[in-house]
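Line by line, the protein sequences give chains A and B. With my numbering applied, the first sequence corresponds to residues 1 to 540, in that order. With my numbering applied, the second sequence corresponds to residues 1001 to 1418, in that order.
If you're looking for bench data, these hints aren't it; they were derived computationally from the structure. Misleading hints may appear alongside valid ones.
Stated by the list, open to error - Okay, the calculated bits of chain A under chain B, using three or more residues with CB under 8 angstroms as the criterion:
(1) 126-134
(2) 335-349
Unchecked claim - Derived DSSO-like pairs (lysine-lysine); straight-line CA-CA distance at most 30 angstroms:
(3) A:Lys286 / A:Lys413
(4) B:Lys1235 / A:Lys334
(5) A:Lys356 / A:Lys334
(6) A:Lys356 / A:Lys286
(7) B:Lys1172 / A:Lys522
(8) A:Lys413 / A:Lys356
Every residue gets a Cβ at the ideal spot worked out from N, C-alpha and C, and that includes glycine.
Each chain is listed here by its residues.
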Amino acid sequence: MTTPARLRLAGGTVYDPAHGVDGVVRDVCIEGGRIVAELPAGAPRLDVRGMVVMPGGVDIHAHVAGSSVNHARRLLPEEHTADPVPAPPLADGPPPRSGTGGTVPSTFATGYRYAGLGYTTAMEAAVAPLAARQAHAELDDTPLIDSGFFVLLGNDDYLLRQIAAGEAARARDYAAWLLGVTRAYAIKIVNPGGVAVWKDGGRNVGGLDDAIGSSAVTPRKILETLAGAANALALPHAVHIHCNNLGQAGNVATTLESMRALAGQRAHFTHLQFHSYGGERGKAWKSGARDVIEYVNGHPELSVDVGQVMFGPATTVTADGPVEHLLYASSGRKWVNVDTELETGCGIVPYSYREKAAVSALQWAVGLELFLLAKDPWRVVLSTDHPNGGTFLSYPELIRLLMDRAYRDGRLKGVNQRLLAGSALLDGLTREYTLGEIAIVTRAGPARLLGLSQKGHLGPGADADVTVYAPNGDRAKMFAAPRYVIKAGAIVVEEGQLRRAPAGARLAVRPDYDTAVTKDVKRFFDDYATVAFENYGAEP
Amino acid sequence: MSDRSVAHVTCLGCGCACDDITVVVQRGRVAEAQQACALGAAWFGDGRIPDEIRIRGHAGTLERAVAEATKVLTDAERPLVYLAGDISCEVQRDAVAIADRLRGAIDSLAGTAAAGLLAAQRRGRAGATLGELRQRADLVVFWGVDPGARYPRYGARYAVDAVGLATPAGRKSRRVIAVDVGDARGPADADGRVTIPPAAEVDALGAMRATVQGRLVRTDAPLGTAIALVHDLTKARYVALVADAEPGPTPSDPDRAEALIALAQALNGPTRCALSTLRGGGNRSGADAVLTWQTGFPFAVDFARGYPIYRPHAGAAERLARQEVDAALVIGAPATLPDGVAGGLARIPTVAIGPRASTAAWKPVVAVDTGVAGIHEGGTAFRMDDVPLPLRPALGSADVRSAAVTVRALRERLEGGA
């Protein structure tokens, strides 16, 4: 069938947590790409009786486009050769494209595969402003998902100078200018100050009060400045923070200190699993999940995504250059590092998480602990930090781990136990996520945290992004193959087959600021940059 | 057209992609490209280009050209799409769609640096954007290359002379070492000089790496001078190791690219180091980026099975030499084609769309002249370090046929006809 302008999804079991709808049989009406309250009786119907109806999935944090992702793609010809993606047989609309998969798929394949999972919105989590133009071009070639990106701040020399000079207002204006000129959606901080230290010949920062060049510049100060900026600018999404000391034993102390540093302020802490390890650096590892999630539970101003590790191949790709250098040194795998002028870094190491490896097993357990001990699903989002902890294709398996205790306990028995002492998972966490909770952590919650008022719910006026699943006791199978996916009112997946691949919309902000800052930034560019101020950014 | 000047223009004369050019336009021609080097000035020229459509040697309309091109390409069993120089990323994106649709092979000018790309796929790489070298490099090692010849402003804008945050005195903040490998010599004005026989180059790089890693190596000639250089490297705060990725007059050792990467990676530990690989112009780095994001592979891709297959040792030149191609679509300036590609095109029916396509020596069946990206057409191009830059056409596109519009028309014709 072609997509009619009006459509009644009739008789499905609806999960719309934003409206308190938890498994209620009702119709969902669509007109002109939006959800509407009612349609005339004669409107076209899609019979979804017996099926589960949810808003389209919203990925709050994934690496899907931009220079770092493309460096990773270029590094992985063997994965792409092993996972060809022929052009799908589409019914109408833009012609289909072929591509390749692996942990870092080509752009068209990325869009097709997201839609194939019932996801209709995704945020690229780390874009160097210098390469913003590339990120937009790649997202333009990524169909089916509405998308935006978080622009990297927190290691850039201009910002650090403003902090050193105590110019908080100018730092805020700079952040606002940068968001607008790169057409970004939110502010991302990666290892505040640590990347700058690495680029300057140091190893990394150790703690929140390490000086970065000037004693006035510390990770704490960077966090405070940018969280303050995001909140003062009333950005739809809070500052999105990748803490210092990612992946280090004992980093739970740094993570908690970072959270305390921003006490009372809205902030999002990303891939929390990678920041929730107890023990001591260079010595013992153990889970620190309980301490971290208890803090999050008690602080409603904070939100997190988990960054679950899934067993199997992954590619670690991050602006956190020093971390990737450590991983290269310890794993001996191939390694890309790209220091990015005046702004940030980029490191890439292909990786594999193995059940029989003690640290992999600990990371897997820590992520599950965070999910299972979280009290408020609205603030704890499902993510694998794709492709760092595993690809987005592993979300259905992750959902099964959360919903099916017997399955989870069975998997737990098969993993290396050496570092699991003290993990709450071993104490027998009995919790099983409900479908309603899954709808929160995969769509309603992330949409709300991103400030996407049109997404993640099925109320009148919402974007008509809807996913319909055939119920299956094996939740991995159920969530891996939705029966229907509707994107902006178009039926893009029909009977489990991708049938249309319309372009997605771009999500971006353009906050107001005092334009006096641009004169100062231009001076800095004239002195140091290799790209003209006038050529910077991604304005059309 | 009124006289004017356009500032912040990006030059695609080489991979430096200097974006500080002011183009002065008088009477509809480029009168001057200020700040441009000699190579850049030649690239801009006066902006005059032919504006013809040739179908089997005769003048024709665009509509007929597109129809004839469609026939040539759809009649072929093994068509090849080749991305030549001087087209924008936007055109390259449409060109990959055409290859995908035709189930053809596609390759680009990026393939000229195949050895380096393959080495980076095996090992990764330790790199930086050029501006980072400007900010930090206190030791610049030109390994068998004097950038003055093929990348004239590389030293002035990036690695050597420019003032950076950690290099406040510019050239005086840095030490420059030239490594001469046979005839491939470093800059004449270097502060230090090391000579390595070409036959010993890869061994020397290996011995240097072993020394950096603290492994015992023999220090006798001919590697002794190279090993002695390690002391300078590890003492520096940030090393820029600069090598030419484009082929020179004499073929380099196929293992050289990987040995350079390995040395640069090993230096990150004792100190910081970035390998800067010099790439040619015409937006070839854009072709690499676009092919990578759309297919997962940077060059030499084959869609014959309906999905991208990587054939890094069966690029355009090899396929043409083996007569595995029965038609070709060349998008971009024919003058930029490597000899191995241009030489093979005369034997098969071809379609050429791009700047000066009508002058192609191999006599295309269909030739459509277009503007030059960056002179007559806008869009995006990539610097050699993968930094994307906007193109600012100084000459109006009104007088010149657009490559973007032409290639899009061909794409739509091909997509509509299946």
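query = Which of the listed hints are not met by the structure?
reply = Those not satisfied: there are none.
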